[in-house]
Structures are given as structure tokens and as C-alpha cells.
Amino acid sequence: MSRIVSAIVNNHPGVLNRITGMFLRKNFNIQSITVGTTEVDGLSRMTFVIGTDDSRVMEQVTKQLHKQIDVIKVNDITDQPIVARELVLIKVFVPPAQRAEVNNLIHPFRASIIDVGRESITVEATGKSEKIEALIALLRPYGIQELARTGLTAFTRDQSSVSEGLRVSKNSTLVI
Amino acid sequence: MNTSLQQPERTSEKKSERTTLDGSHMLLESLRRESVEVVFGYPGGAMLNVYDALYDGGISHILSRHEQGSIHAAEGYARVTGKPGVVLATSGPGATNLVTGLADAMMDSLPLVVFTAQVATTVIGSDAFQEASVVGITMPITKHNYQVRDVEQLPRTIKEAFHIATHGRPGPVLIDLPKDISAAEGKFDYDKPVQLRGYQPTTVPHRLQIRKLSNAIRQAQRPVILAGAGVLHAKASEELLQFAEFYGIPVVNTLLGLGAFPGGHSLWLGMGGMHGTYAANTALYEADLLINIGARFDDRLTGNLEHFAPQATVAHVDIDPSEIGKNVPTQIPIVGDAKESLSMLMEESVQIGDISVWRTKLQNLQEAYPFWYVEDGTGLKPQRVVELVHDISNGNGVVVTDVGQHQMWAAQFHPFRDPHKWVTSGGLGTMGFGLPAAVGAQIGLPNEPVFALLGDGGFQMTMQELSVLVDHNLPVKVVILNNAALGMVRQWQQLFYKERYSHSLIPKQPDFSKLAEAYGIPAFVVDSEEDAAAALQQSMKIGGPVLIDCRIAPMENVYPMIAPGKGLHEMVGVKP
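Line by line, the protein sequences give chains L and F.
Residue 1 is where the first sequence starts when you use my numbering, and the numbers rise one by one after that.
Residue 1001 is where the second sequence starts when you use my numbering, and the numbers rise one by one after that.
You may find that some hints are simply not true.
Derived coverage of chain L by chain F (criterion: at least 3 residues anywhere in the stretch with Cβ under 8 Å from a Cβ of chain F; other residues may be distant) [as the list claims (entries may be wrong)]: (1) 68-79; (2) 102-116; (3) 125-136.
With a Cα cut of at most 25 Å, we get these calculated DSS-like pairs of lysine-lysine [claimed, not checked]: (4) Lys67(L) x Lys1083(F); (5) Lys1326(F) x Lys67(L); (6) Lys73(L) x Lys63(L); (7) Lys73(L) x Lys1159(F); (8) Lys73(L) x Lys1192(F); (9) Lys1192(F) x Lys1083(F).
Hint data in this document are derived by calculation from the structure and do not stem from the laboratory.
Note that the Cβ used here is the ideal one computed from N, Cα and C, for glycine as well.
Please build the complete structure, drawing on both the sequences and the hints.
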């Protein structure tokens, strides 16, 4: 099983390198990282999918992340109510005769065709990783020519903003 | 010591009063604001602006003969003074020569602020002359690092660096300074407080956790304290002594924690781990409550984790939460400074049960199984040399070691009574550390006798630093335990590689006494206990550095020992 960790970090040059270097150094098995800005200037959110279910490893992941000077807040959000999405682009070999069939196939996934070539189409979909996996499995028999996934990005449902999260962090003492 | 270390007249005072300075003078003014008295360094092209500013005075500079010497000296200085060691190095090779020292300081949690020069911002990334990506290289081996791209950010960066290096768990912080930034003019403002949202170490522990530990102490029948270097960093030796004496709990030190609890005290069991005492390792193995204060459960301490403290409830006091539960499952985690934690524990002052049987057992073991060596006529015993060093200073000297057999003999046969008198490379195990670290220790404690106990292998890795002893007439007594071998490697090859001594025997070592003389350092060569004692006596009468080449028994091994993969209860060589 995988765990999802969300971190708010300073938006400085080198921070991503610093964090991924720490993962390498500590031998943590990382499945995906996404990074993007937040609603607060100077802060970014990183979402990590960690390929372990070992509670001691996860404790170390969050502690080692928290130890980084550029990390403001860390949360293992796997077991919390979260909104989680991943974007995938899939270029599939589909001759014109089969396009209607594929279009019907991807419809329940709320995926859409965003590019059409002579021999292929490109499908875009967003959703939880399981949904993306299912869509890929469905399209694989047609012949996937190229595939690009963003990795998961997520935050908790009950946390309305990053700034609110920071307030919580500021007022709490780190107790294990 | 000669006068070159005296504070020169501050000819740059006028500059510090201006609100606008160039980057180099900003750097120096910032160091003054941080009460830095001495920096260790080596000049080079990209650092010339800073070195030119240094010429104006105000800060003493110790010129090493290799950048590795600078940073180990800064480590020695930091270890004995508790103050951050400051290092200057140029770009490229100057900076990369610091890598070993940075990793060493990171492993042993020593506060350093390291300035490396960088090529000008206009050519960064162009593979310019003496360019190296120092921030990238040193990211994994520093507590934090910076590259300054705007001269007006330099004061804030330096202030943050000192804050990070010295607050919470100490560690090395590096600032990479491009040459054009060190020349650029800008507004100097050092008054803004440090604001680091992502770095707010918890120093005061949670009362609930303290109570949990107090309750565990109340119920314990076989408690033991494991005291690490965290006690020394927090300057909590006095509190540790009070705590241990109040409850009568025996104390085991880690290698780096030696001196945190007075060696020779009736509750002291000595060092634990691979070459520790039988009593200390028995205590760790049989304890029902293990109170770890500021140690990180290094594998050389724990041995095989499957057999480590199998019956114990583990309490771990550490200012770095990531150390708690990292290696050993911990039932009572306490995040906080050792001094604060011990003070709060004393406030609880619970009634402890009768643990006299446990205490007596361990004290008896300590007496029955002391460290030993056999006077078998095979030559000068290195253990005896360590005892002589202890005797000559009445146990008051600062002992600095390199890494290897001699390091373990020093840890075993020199009971450290006082904190901050023991300087060694514990975590990284850096050969070549000893001589330059002794330079820094002597600069930090100019009035204390400093002994550099070195092996012949490690000495040759940084022996060029003898020059620095001469430059400043530092009265370091360099005692080489010379067995013409890489002793610890040879011992492992003897024990675990069927006596196949692959590249560990070096019978044609140079004549170290002649080398010393070439540097202008008086030297002795000794191969008997009587001569060693006489040479040490003589050396104490000489005001400057002295080198004593002790030709020791070549096949002497470090015992007792726990073989790799074995548990603390599987010591060998406990008795002769």
C-alpha cells in the first residue's frame, strides 16, 4: 500500500532538490512527487506518494521532511478525508474506424480526447490514481504510444486553505 | 602561544558604522556581531575580496595547509568551546576539500558556519575556472546551505546560518558566496530578528511525556542511563549528575558522550558498544528501563539491534525528533533539550524502588571486568601510553584523537572527568581528523594542555598541519601510537579475514621525528614505558609543540570487542 504525504515548503530555488536528495539519502521509496504554488505567495505544496505501509518508515519520512529548514508543515493525509487528483495524457493508436468505440469507452471516466492524428488520438483524464490505472488498462489493448502522468496532488477536505493550516502549525508543539 | 592570535586593532570600525558596505566587509561585520574571534581558512581567487577585507583586522585567521585542516580545526574549536567554528575556503577545489569535514560535523552535530567562495554570478553554470556546484554537493552533508545572489541578503543569510548552526541540534551550515557579491555594495542591516517558519526546534519537552518517564523510573528495577553527546551540546552535565545521583541510576556513555558524566564516579559504567566495558554492555542488555539522553543509537553502540535492550522500556530524550524511533523502537519519546528535560525530570522527583541489587551487580562487574592489557614484553603498550598521558595532565588535559585503534584505547584508558575535554570523530570515523582538530582545540582553549593522540596512518593524512602548530607556537603534544600499520584494519583482517593483511601493513614508515624537526618541532622517539614517560615529562616543559613517536607493540589489539552482527551480550576478550 502507498501513503500520501502533503508538505508546505518555501518556494526557493533548490528546495525540490533538497527534498528529493533527502529521500535518496534516507532510502525512502518514493512513487511520485508533485509540486506547485499555493494561494500564499512564497509557498509551494508538495504531494508525495510513498511506496510503503510501514508505520516506522512513515514516521521517519514525516520527521525527516519536517527537519528540513525549508519545510513549513508536513501531514500524512492518507487516512484523512482528502481531495486527490492526478492528470494523465495517453496517446493511443486508434485508426479512424475505432474512434467512436474508444470515445464511448472513455466516456464513463470523464476523460476527453484533446488531440487527433491520422493514426492516434490523445486522451486526457484526471482523477484518483486508481481511476487512471483503470483507464490505462482499458486503453492498453489498442496500443499506447506515449503516456505522461503528473503524479498525485492532494489536500484534505476539511482544511480550507494553506494559511489556516499554517496557523494550526504555529500554535501546536511537535509531540510524537 | 605567540601574539598572532591576539585580536588585532579593529581598523575597520569606521566601516561598520556605515549603513552601506561591500559584501566582504558585510561578512566580517556580521562575524563580529556574532562574537566570532577566530576563523579557520585558506585563501583563493574567488575569496580574495574577503581575504583583502580580513587584512583590515578585527578577526583572527588561522591559515591551514589544506582546507580539510581548516574545517577539522573548526570542529575541534567547536567541540571544546561550544561556540560555532567558522571556516573560509575558496571556490571549486577549496570548497570540495571541505566535504569530509562537513560530513564529519554533520554526523557529530558540531556547529559550523562555513563560507565558500563561488565564481561570479555572471558565469555560474558556465563551467568557469574553479567552479563547482558547492550547494548541490554539500546539500546532503550540511544542516542547511545557501547561495547568496543579492548582497543585501548576505547579512540576513549569515544571521540565519548562525541561528541554524547553533539552535536545536547543532550542525554545519554553508554559505556559498559568489565573487561579485563579495565585491558588491549594499545596505547592511543586521538588526532584523531571524524568522524561520520552518525551523522552530522544540526545546521544552511535553510535561506529559516527562511524567511518563518519571512513572517508568518509579516502577523500574533495572534502569540505566545512556548519555550521549546531546548532553554535552546542551551543557547539561551538571543536571545529568544530579539526576543520576538522585535516583542512583547507573550511567553508560557513548563514545562521543565521554565526559558528559564524570569518569570514575561510582555510578559510571564507562563506554558502551563495540569496544565498551562489559558492565556497560551488560547494563544495556539486561535493563528494564533504558533512558537515552542525547544519543542516537548508532550501530557501533547497539550492535545487532535484534539483541539490543531486549527487555527494556526505551525512553529517548532528544532535541531532534527524527532520531527518536529511527533505529530502536521507543516507548517514551521526549522531544526537548537535555538540560530542560533533566531539570523537568528532577522537578517530578518520584520515589524510586530499591534498585540496589542491580546497581551493586553492575558495580561489581565494573570492578571485575576492567579494560585490560598484558605486559608481555612485546614492546611499548599503547594503553600504557594513554595512561601516561592521563597521568601527566592529572586528567585535566584535552585529548584529541584520530580514528582507529588508538582512538579506542584513548576512549578506554582515559577516564574523562570533565565535559568538553574529548575531541574525536565518532560518526564518520574520519582518519586525518586528529591533528587539525587538535589545532582548533588548542586555539579554543589556549591555556589547557592539548594532547593529539594519533595513529601513524591518520597522521599521514593531514600531517602538513604541523605547520600551523609552528605558525602559532601552539603547545600541542602530538603523541603518535606508531604500529607501522593501519591498526584497526589489520585487527579486523586478523580476526575476520584469516590474517590476510591486504595493504594494511606499512613497515617502511617515514621517520616522524625527522619530519617534525623539518618543521622545527622538537621530537622524541620512544619504544619503552620509561622513555615514553620521560618524553612526556620533557614535552610538558617545552612551551610549544612537541612530537613523540611511540613505537608500540605492532600486533596489539583492541579488546573487548563485539564482532559485527553480534549482540551486546556476545562480547569477546572481556578477560585476558
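Hints, one by one, checked against the model:
1. 68-79: With 5 residues in contact (Cβ-Cβ under 8 Å with chain F), the coverage given for the segment 68-79 of chain L holds.
2. 102-116: It is violated, with 0 qualifying residues against the three required.
3. 125-136: violated (count 0)
4. Lys67(L) x Lys1083(F): Given pair Lys67(L), Lys1083(F) holds - Cα atoms ~22 Å apart, limit 25 Å.
5. Lys1326(F) x Lys67(L): Given that 25 Å is the threshold and the Cα spacing comes to 13 Å, the pair holds.
6. Lys73(L) x Lys63(L): Roughly 11 Å between the alpha carbons, so the hint for Lys73(L) and Lys63(L) holds.
7. Lys73(L) x Lys1159(F): holds (23 Å)
8. Lys73(L) x Lys1192(F): It holds: about 24 Å lies between the C-alpha atoms, which stays within 25 Å.
9. Lys1192(F) x Lys1083(F): holds (22 Å)
In terms of the numbered hints stated before, the structure departs from hints 2, 3, listed from lowest to highest.
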